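Produce the complete structure using the sequences and hints provided.
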Amino acid sequence: MFLPAGSRDLTGKQLTNRVAIYETFQSVVNLRNYQAIETPVIEYGNTFTNSYAGMTLKKMLKWFDEEGEIEVLRPDWTIAVARALSNQQSKRQKWAYAGSVFRKDHNGVESHQAGIEIIRTPGLYGEYESLFTAVRFLRELGVESYSIELGHTEIFETFISTLELNEEKASQVRQAMHDKRKDEVYRLISETGSEQTAAAVADLADAFGGTAVLAKYEQEWAENPKLLAVIQELQQLAVSLEELGQDVIVDLGRVKQLPYYNGAMFRGFLAANGAECFSGGRYDELYEQFGGSMSAVGLAFDMDVLAAALPAAAKQERVCILTDAKGLIAAEKLRDKFPHAVIDVRTDETAETYDQVFQLVRNGEEYEVKAK
Amino acid sequence: MKPVIALTKGRVEKQFLAYLEERAIDSTPLVEKGRKLSVETDQAIYFFAKGVDVTTYVEHGIADLGVVGEDIIAEFQPDVFNLFPLPFGACKMAVAAEKEKVWPDRKKRIASKYTNITKQFYLDKGESVDIIKLEGSVELAPLLGLADAIVDIVETGTTLKENGLEVIEDIQHFTARVIANRSSLKMKRDILQPYITLLQEEVSTS
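Chains A and B supply the protein sequences, listed in that same order. For the first sequence, the positions run 1 to 372 when my numbering is used. For the second sequence, the positions run 1 to 206 when my numbering is used.
FYI, nobody ran anything at the bench for these hints, they're computed from the structure. One or more of the hints may lead you astray.
Okay, derived cross-link-like pairs now, DSBU-like style, lysine-lysine, Cα gap no bigger than 35 Å in a straight line [unchecked claim]:
hint	chain 1	residue 1	chain 2	residue 2
1	A	Lys-58	B	Lys-99
2	B	Lys-36	A	Lys-169
3	B	Lys-161	B	Lys-99
4	B	Lys-133	B	Lys-119
Covered stretches of chain A, going by a simulated chain B footprint (3 or more residues, C-beta under 8 Å) [as the list claims (entries may be wrong)]:
hint	segment
5	222-236
6	260-273
Estimated spans, in silico, between C-beta atoms of each pair [to be verified]:
hint	chain 1	residue 1	chain 2	residue 2	range
7	B	Pro-87	A	Ser-194	18 to 28 Å
8	B	Gln-77	A	Gln-219	23 to 33 Å
9	B	Leu-123	A	Ser-161	21 to 31 Å
10	A	Lys-58	B	Glu-135	55 to 65 Å
Since this is a predicted model, take the numbers as computed values, not measurements. C-beta: ideal position from N, C-alpha, C; glycine also.
In structure tokens:
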């Protein structure tokens, strides 16, 4: 039998690692007083495609229900959790989730995520808590070499809001900026007449690197209260991470990928292969669709990337106990003698290798243990 | 660690090597590579691939940077940074048809290698057309009656002319461009930036 393109079976290191990573995640978020939340795998498409959420149907796995509504497999956790929390009476602030998301733009259609949502918290609490949880979680996993990149939606959006571009043009500029395509950014903006803004925004494409970039733009934007506030916010976050011993990079030219982001954006890159192991940010505007504005910050870890990056788990002692069918009970009792070993009780010989092999031999009514 | 650079084989490759030479970037091992598909110099590791494969290698981070025609980027929309244009490989994407073409009274049929660009172009225009995918010698399609018009790369226009075709509408102008892997550009910034700066340097061509 065949599998559809993009679907796959999984065994071995990738799977055992992922299970272990989920366990570590649960333990880290439990110790930080997060409440678990799970949303269904099947939802209405409109939950994700409405103007607040802004995803496109194209890449979702979807079908019509009997009433003609479009249903989809969960393409995104954050939006689903926002929908669920807006119906909750609970006043809890910190929520954690783990499970699959389905989108047709990855190497497979199913990817595995775990993440956190922090709502109704004051100031930068949400940003700090998200980033600190990421640092703690990755440390518990033993991931040492990675960089956290900080960005902010309001840098690009502040420039663009002065230009009175229509939505189509604005999204073209945003895409060109996302691609760091300076010549196109300059061309599109200078068409509206403001060459000064065009040059300033095009320069932002190069405003990435170490935290020295923040100092440079703090000077450059000293006269602009709005942009200066953004830089100072990023500086606070960068300093806090550096104090925890974390490598920080910034990209001031980063633009939001979904319309609901409105504040700091962050993600983690593994040093070994550059893979993105988490991403998130602030998205108060996502919750606005449910009435009332609310602080909302969060991030999601890519469990597949982490599982591939971690080394295989340390080898455990392996013990084989050979017996006949009647000796299974005696063998089960023997497990108490090796509480931490992997014990393989078998009734037939095998080519697998073990650290110790025992044979249970019947002696009258009893079984006797003999080392082999 | 050195930058890993994927180059589009053929014309773009030759022009890029000349471009490197102007900037005093050592390209001798590249010129003398023979049939080797991968060459290391003091400055970088280069390998050679078909245009669309260059974007794939860069997207997956096998190569940090790539040199590729913008037509390929526009057609395949790889998820990469599309950094800056290079001053060669200039061409345009255009609609061409037979001279004094009499359009039939039905939905047009357009033949092209670039089906995504074609689709987007007619979508923006608000015109429904049927697109026929061809792999090469697209100019044949109108002559043999497979299509009413073609969407293809035009460099000098000689091929069109010799086959009795003419450009009826320009779609977009293209040059070769430098692309970069999204995380390499940041995580390997220290080793990539000097090379990128060299590539962007203005040199007098006198």
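Hints and how they fare:
no., hint, verdict
1, Lys-58/A - Lys-99/B, "violated (39 Å)"
2, Lys-36/B - Lys-169/A, "violated (45 Å)"
3, Lys-161/B - Lys-99/B, "holds (9 Å)"
4, Lys-133/B - Lys-119/B, "holds (11 Å)"
5, 222-236, "violated (count 0)"
6, 260-273, "holds (count 3)"
7, Pro-87/B - Ser-194/A: 18 to 28 Å, "holds (27 Å)"
8, Gln-77/B - Gln-219/A: 23 to 33 Å, "violated (38 Å)"
9, Leu-123/B - Ser-161/A: 21 to 31 Å, "holds (29 Å)"
10, Lys-58/A - Glu-135/B: 55 to 65 Å, "violated (26 Å)"
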